[in-house]
Amino acid sequence: MNQKYTEPFINSFLNVLSQLGFDNIHKESVQEIGKNIESPGVIVILGIVGDLRGNVIYGMSEECAKKIASTMMMGMEVNEFDEMAQSAVSELSNMLTATASTEFTSMEIRTDISTPTLMYGAFNASASFEHVMRLEMRLDDLPFFIFVSLEQD
Amino acid sequence: MKEIKIVVVDDSPFSVAMLTNMLTESGFNVVGSANNLEESIDAVTRLNPDVVTMDMTMVGTNGIECTKAIHLVNPNIKVVIVSSMMDEEIERDARKVKIAGYVQKPVDSEELSLLINRIMADEELFTELDGLYYTVFKEALTDTCNKLFKMVPDFQQEDNSNKVQVSRGVSVVIGIIGRYGGRMILDMAYDTAKKITDSLLKKDSQNKEEIINTIAEMSNIVAGNACSLLNKSNKLLGLRVAPPTVVYGESLNISKSELDSLASTKAESIFGELYMSIGFKRGECE
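Which chain is which? The protein sequence lines are U and D, in order. Those letters in the first sequence? Residues 1 to 153, by the working numbering. Those letters in the second sequence? Residues 1 to 286, by the working numbering.
It is worth saying that the hints were derived from the structure and are not from the lab. Accuracy of the hints is not assured; some may be wrong.
[Claimed, not checked] In the DSBU-like style, the derived pairs of lysine-lysine whose C-alpha atoms are separated by at most 30 Å in a straight line are:
{"hint": "1", "chain 1": "D", "residue 1": "K208", "chain 2": "U", "residue 2": "K35"}
{"hint": "2", "chain 1": "D", "residue 1": "K2", "chain 2": "D", "residue 2": "K96"}
{"hint": "3", "chain 1": "U", "residue 1": "K35", "chain 2": "D", "residue 2": "K281"}
[To be verified] A few chain D residues that don't get close to chain U, going by computed Cβ distances all over 10 Å:
{"hint": "4", "residue": "V59"}
{"hint": "5", "residue": "N62"}
{"hint": "6", "residue": "K105"}
{"hint": "7", "residue": "K138"}
{"hint": "8", "residue": "D191"}
{"hint": "9", "residue": "N225"}
[What the hints assert, rightly or not] Listed below are several chain D residues computed to face chain U (Cβ distance under 7 Å; list not exhaustive):
{"hint": "10", "residue": "G175"}
{"hint": "11", "residue": "R183"}
{"hint": "12", "residue": "L236"}
{"hint": "13", "residue": "R240"}
{"hint": "14", "residue": "P243"}
{"hint": "15", "residue": "S251"}
{"hint": "16", "residue": "I254"}
{"hint": "17", "residue": "K256"}
{"hint": "18", "residue": "D260"}
Keep in mind that this is a model prediction, so the values were computed, not measured. By construction, the Cβ of each residue, glycine as well, lies at the ideal position given by its N, Cα and C atoms.
Build the full structure now, drawing on both the sequences and the hints.
See the structure below:
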């Protein structure tokens with residue numbers, strides 16, 4: 001997959017997370033993987049259509065999800081990955097994808113995004129296209145994955 | 001379009017009079033006004049308006065607080081902020097309480113009237129989609145099963161509750177994009193997915209990938225057909241589907257949705273139980 005399709009997701013992660021108050025965030029690695037995605041515990045799936053078509057899937061451990069939720073809720077303690085925490089992580093995935101979509105627009109690539117679907121437990125996912133880019137990000141030393149599965153429409 | 005009933009909330013009698021005149025001249029029916037929180041609650045309870053125009057700064061209260069109170073009475077009332085103050089913080093707060101739109105004072109009559117008409121047309125369109133989509137998706141699933149397997153699934157009643165779902169084993173997620181965003185989930189046991197694949201490919205499928213691809217394609221057909229039918233009924237919907245993602249595993253929970261309209265059903269088939277959930281979200285703050 002073209003690198004220019006992954007860059008907006010990396011930038012969006014770095015910008016949005018720092019705006020939310022995370023200091024310790026960086027990109028660890030970018031790797032092309034097959035269509036099979038092993039879930040780290042929590043995933044959020046969003047569909048994309050427009051000049052590009054496919055999905056972006058955010059993956060993180062429950063620990064990481066709770067940390068995100070806690071920071072988004074002004075430092076409130078989050079012990080359980082409950083409804084409120086799930087809602088916060090869904091909202092983050094929306095913000096990340098919308099920000100990436102805005103960057104695509106500035107590259108004259110039009111994209112529209114669907115509502116997010118959040119799933120958790122022990123499972124695997126299979127993307128619709130053979131090639132998926134796995135962007136491994138770090139957030140307070142916890143891995144946060146962005147799986148980008150996009151093709152030109 | 002039906003007559004649009006409006007309540008004007010503003011603590012300045014001058015603003016109330018001006019907005020009332022302006023809205024009446026534009027063809028709206030201003031059914032009442034209110035100057036504070038208590039009067040606002042009373043007015044919307046008695047008059048059940050479609051739209052409330054809301055001042056932002058009022059003595060003893062503010063537009064956000066009043067909007068929350070109004071939505072407790074009726075969450076479907078569209079609140080339009082009409083205020084001289086508008087900055088990022090207000091916009092953020094406004095979004096949180098689901099404000100339908102805002103205009104800045106001094107008010108341009110045409111701008112306000114256009115905004116209200118657009119909000120109400122959008123509401124009518126969402127209501128139209130809301131009344132249609134469940135039947136259409138059910139028909140699309142029935143039609144797909146009929147064409148592919150010569151069988152008609154036996155549907156249980158429509159369920160509109162929003163709760164965490166435990167997957168039966170395999171879940172296909174398809175994002176829907178258009179005038180309104182949404183998603184479809186088709187969920188079934190792995191054994192059901194295998195039986196469907198065996199029936200379609202006329203062999204004993206042992207390959208997991210083959211099974212996943214088959215279920216993904218079947219779901220894609222259902223969602224694609226349903227969205228085409230919905231677009232035919234009203235082209236303003238402009239719905240399109242994103243490619244399917246298949247999620248499978250021993251322990252898989254589907255979180256509660258953040259959608260404004262949700263419908264799901266279970267259907268018995270010769271292959272086992274199929275669970276289908278569809279939902280849509282209204283547009284964001286204008």
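Here's how the hints hold up against the structure:
{"no.": "1", "hint": "D:K208 x U:K35", "result": "holds (13 Å)"}
{"no.": "2", "hint": "D:K2 x D:K96", "result": "holds (29 Å)"}
{"no.": "3", "hint": "U:K35 x D:K281", "result": "holds (29 Å)"}
{"no.": "4", "hint": "V59", "result": "holds (29 Å)"}
{"no.": "5", "hint": "N62", "result": "holds (21 Å)"}
{"no.": "6", "hint": "K105", "result": "holds (30 Å)"}
{"no.": "7", "hint": "K138", "result": "holds (20 Å)"}
{"no.": "8", "hint": "D191", "result": "holds (17 Å)"}
{"no.": "9", "hint": "N225", "result": "holds (17 Å)"}
{"no.": "10", "hint": "G175", "result": "holds (2 Å)"}
{"no.": "11", "hint": "R183", "result": "holds (5 Å)"}
{"no.": "12", "hint": "L236", "result": "violated (15 Å)"}
{"no.": "13", "hint": "R240", "result": "holds (5 Å)"}
{"no.": "14", "hint": "P243", "result": "holds (3 Å)"}
{"no.": "15", "hint": "S251", "result": "holds (4 Å)"}
{"no.": "16", "hint": "I254", "result": "holds (5 Å)"}
{"no.": "17", "hint": "K256", "result": "holds (6 Å)"}
{"no.": "18", "hint": "D260", "result": "violated (10 Å)"}
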